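Full structure from sequences and hints, please.
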Amino acid sequence: MALLEIERLSVSIGATSILRDVDMTLDRGMVHALVGESGSGKTMTALALMQLLPHGAAMNGHIRLAGKDIATASESEMCRLRGAEIGMVFQEPMTALNPVKTIGEQVAEGIRWHTGASRAEAEEQARAMLDRVGLPPARFPLDRYPHQLSGGQRQRVVIAIACALKPRLLIADEPTTALDVILQAQILDLLKSLVAENDMGLLLISHDLAVVADMADRITILRRGEVVESGETVRVLSAPADPYTRRFTQASLHMPDRPAPKAASGTPLLSVGNLTREYPGSRIELFSRAVPTRAVDNVSFEMAEGQSIALVGRSGCGKSTLARMVLALDRPTSGEIRLDGQRIDNLPDDDALRQARQKMQIVFQDPYGSFDPRQKAETLVAEPLHLLDRKPTPVERRERVATVLERVGLSPDDMDKYPHQFSGGQRQRLAIARAIITGPKLVVADEPVSALDVSIRARILDLFADLTGKLGLAWLFITHDLNVARAMAEHVIVMDEGRIVEQGRTDDVLQNPQSEAARALVAASPDLRLILSGKLREQG
Amino acid sequence: MTIGQALRNPSFAAGLAITLAVAATALLSFAWTPYDASAMDIAAKLQAPSAVHWLGTDHFGRDILSMIMVGSRNSIAVALVAVGIGAGLGIPLGLAAAARGGWLDETLMRLNDLVFAFPALLSAIMITAIFGPGVFNAIVAIGIFNIPVFARVARGAALSLLRREFILAARAAGKSRSRIAVEHVLPNIANLLIVQATIQFSLGILAEAGLSYLGLGSQPPMPSWGRMLFEAQTMIGFAPHMALFPGLAIVVTVLGLNLLGDGLRDVLDPRLQEQR
Amino acid sequence: MLSYLLKRLAIGLVTLFVASLVVFAVLEVVPGDPARLMLGMGASEDAIAALRDQMGLNQPLALRYLSWAGHMLIGDFGRSYTYGVPVRELIAERIAVSLPLAVMALLLSMAVAIPVGLFSAARRGRASDMAVMGVTQLGVAIPNFWFALLLVYVFAVTLRLVPAGGFPGWSAGPGPAFQALILPALALALPQAAILARVTRSALIETLSEDYIRTARAKGLTRSAVLYRHALRNAMIPVLTILGLQFAFLLAGTIIIENVFYLPGLGRLVFQAITQRDLIVVEGLVMLLVATIILVNLVVDLLYAAVDPRLRSPR
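Chains as they are written, first to last, in my numbering: chain A, 101 to 640; chain B, 200 to 475; chain C, 1442 to 1756.
Here are the computed lysine-lysine pairs in the DSS-like style, where the Cα-Cα straight-line distance is at most 27 angstroms:
#: 1; chain 1: A; residue 1: LYS491; chain 2: B; residue 2: LYS374
#: 2; chain 1: B; residue 1: LYS374; chain 2: A; residue 2: LYS517
#: 3; chain 1: C; residue 1: LYS1448; chain 2: A; residue 2: LYS201
Simulated from the structure, these hints should not be mistaken for lab results. Given the structure is predicted, the values throughout are model-derived calculations rather than measurements.
Written out as structure tokens, the structure reads:
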């Protein structure tokens, strides 16, 4: 008998249909991936299994857990199942734990609730479980609070809570999306070994085909609430039967056509020398001296005109701080930054800085947070025109905005819309339009595609490549995703703990990393093409 | 969002209706009241509500409805000016604290603590002890207390806004801090400030009533709701209507403003707006 | 933990110091000649000079402040001009009414508001929640002294259950004293309870939408278990903030309410002192109330640390 059978599951909220006739089967000891883009209904499927759907949602169909239909179970029956038979791990570890309770209490709580164990017994079991997920007693006693742990450690606690009673079914909803690649690899390994050890079934929800290809035995692809294709993972991903699946896998593997880089000559466009940024440390005790932390530590590099460089590293390695200093949004503690040979790190807020800002702009990660929600696209895109020596007339302004909107693949008619009237991908185009309107030489792009769905991401990467050729722009891509680095940059710089540990041609560094940090990064980054070819070889 | 959509929010509609009615009554009192609000008629004293005197008369035979109508001017004027003082000084201070940070922020927050240690009533007591009683005390005391309230709201909202990426984008576009505060921050926190203003307005009405009840607010012969209640107190045994109606006037006015504030909070919430 | 406490304590002391400067400036410097002000228009020059001397007004300003603040620190608030007794004695006598009244009102307000907030949050959106919230909306709009008048009319004048005002003193035993305080405490507490209940409800509802609530539900906890075990403690943080602010309003409220019920407390005292221009009494009382408010805010800060471990220990 299958562990979990979902039959004709439909969910709607009011008149909006969220899921339609979803079928799925999961066996013991198996990993089944549920994959789709945002809005496809992945998370709703998980919440339906837990019967934790939002208020006002209506559900139809059958959900059988070990043969017993739980779709019609009462709330008190579900309370007995949740945590005991079905465990769940969530996407956002930073907020998934109660900040005012110790990790010991939070792991032991479920044990006591379901088994009626005494406090001491439950704590003993909680201790064993925390040991198992990689939080040893010496560094992680039970009386630690969540805020004393990092994101990866907190996700381990969440996994300990979910697995404390060895549930038959574990649901993991994008468990590593909020973590960097190295932590992602560790957490995925942990989940894999827990599944094998306890003969659990794991329902893994993800948007990342590389992760899924590595982890899952079977895969179900959802699109707009319906199952598009389902089957054995390697088969589905290497030879998709459905056109949507085919587009999806192709987008995940997409490499844009980049123009061949021109030979660099003359003064570098950007040169960074011995740059250091310290932040005042927080005092641990009243009378101890605060030790400043070095976010960026003695960093030097150069960038030629029209060159694309990727700055890669784990989260917290200092790459975003470096980018802010390059853009003169933050001041270095020591060292210098030159743009076109002129120092910009020590300019007062005046004309000279205004001149420099014309030559450099920025594109952010979050297409939602990077626009003032109360201004129209025209005002938003035109904002950097403020930097020009001669302010354009309203007519000229509209013309310039229209030109850049067309250049990034939007229509001049979009000028009078508000940000919320654009989709995520369109908003990122808008952000690019804003960045290029002054005709800059350098654009810094901070994780520009990591919040986007794969198909949109492929098109935005194409746009970057297109603009490089047409405008002769130099790009500094800041990313934790080596696939973006591979796709976009001829040169890569690897940062770790504030320092540059390695730099060189992208292919050389990523195929043959020399430093410890770069090797770890490459090893942890899943590469869909490599995983699929490896698995196909295994199967012969 | 149109006004028609907004009126579908019951709190907003009811609050707006009550508030407009109170404002209209105050305006009407300049042109017409049933009787002269200060005209005494000892022969007609302490009458219960009747067709002649709708809300009855007080111990001097003055018409209570007329006094309530005229008294509303006083309540509204004091609360309005106090909100103006609080918003006019508090919002710029709060924005400056959020945008500049550092010692300025710390100093302003400590000043906040200081003002919170002097509830409006204490300030009014000190001012009265020196300058004698008067409506000016009420305005200054309530106004001073409003400053840190607006400063805190503006600062808190601005801080969370200043972390957003569009602020960094504006800086990359060369905009100065003060220009960012005016162009990006203020329009985005205006909703919150409007809601806060209605709340402070209603608190101002309550505080003014309390002060004039104690004789620390407006002085005779100008009628005021608080003092009407003070005068009613000794006569509660045989003329309860004297206490009932001025109190109801306060409750209705404050309730209207609170409903309006609650309604505005929902109506102006961008999260709800985007769904529409 | 220690550095958090010391920082809060230091802030409290600085606030108190600046507050004392404000009071000193307003009541001792601005009036020009407090002696003349206190004695009124018709006073003879000799009497004014004598009072000036007695009040130490001929000394330099800084010295006057130091001596004023120094005496206050050791509990010497000066001698009342009208009563002719030390202000400290007046305060000691009157505080026996005001303090029990404020504490009773605070406890009453919490005892009503927190259960009501929990009840409403647990039934959010349902008819019972709407009804309770309607009542609190009304409660917020009622001025406490008007509510006091209504209570007097119903319970003292009509039903004759309790006295309409006055205070028998504690010497007659706690029974009659409490009876005299029950209506004033109710009048103070209920409008505050309405505010507190609304804050408790919205804090709970906000907390219930947090991710960790979903984690707790995924453990198998029932809705009500999640409410009591996880939401309540987190929701206490905004509730404490409001409680701290409310205490200041309660103290101010006692001044009004004592006048409604003719209670011989600090509120009556300060009120009489104003009419008699007894600035020394006004000064002492204002400083006492300000110091109490600052102290309560300090206690609230300590309670934050008790509720929220993030304030107790650095990362």
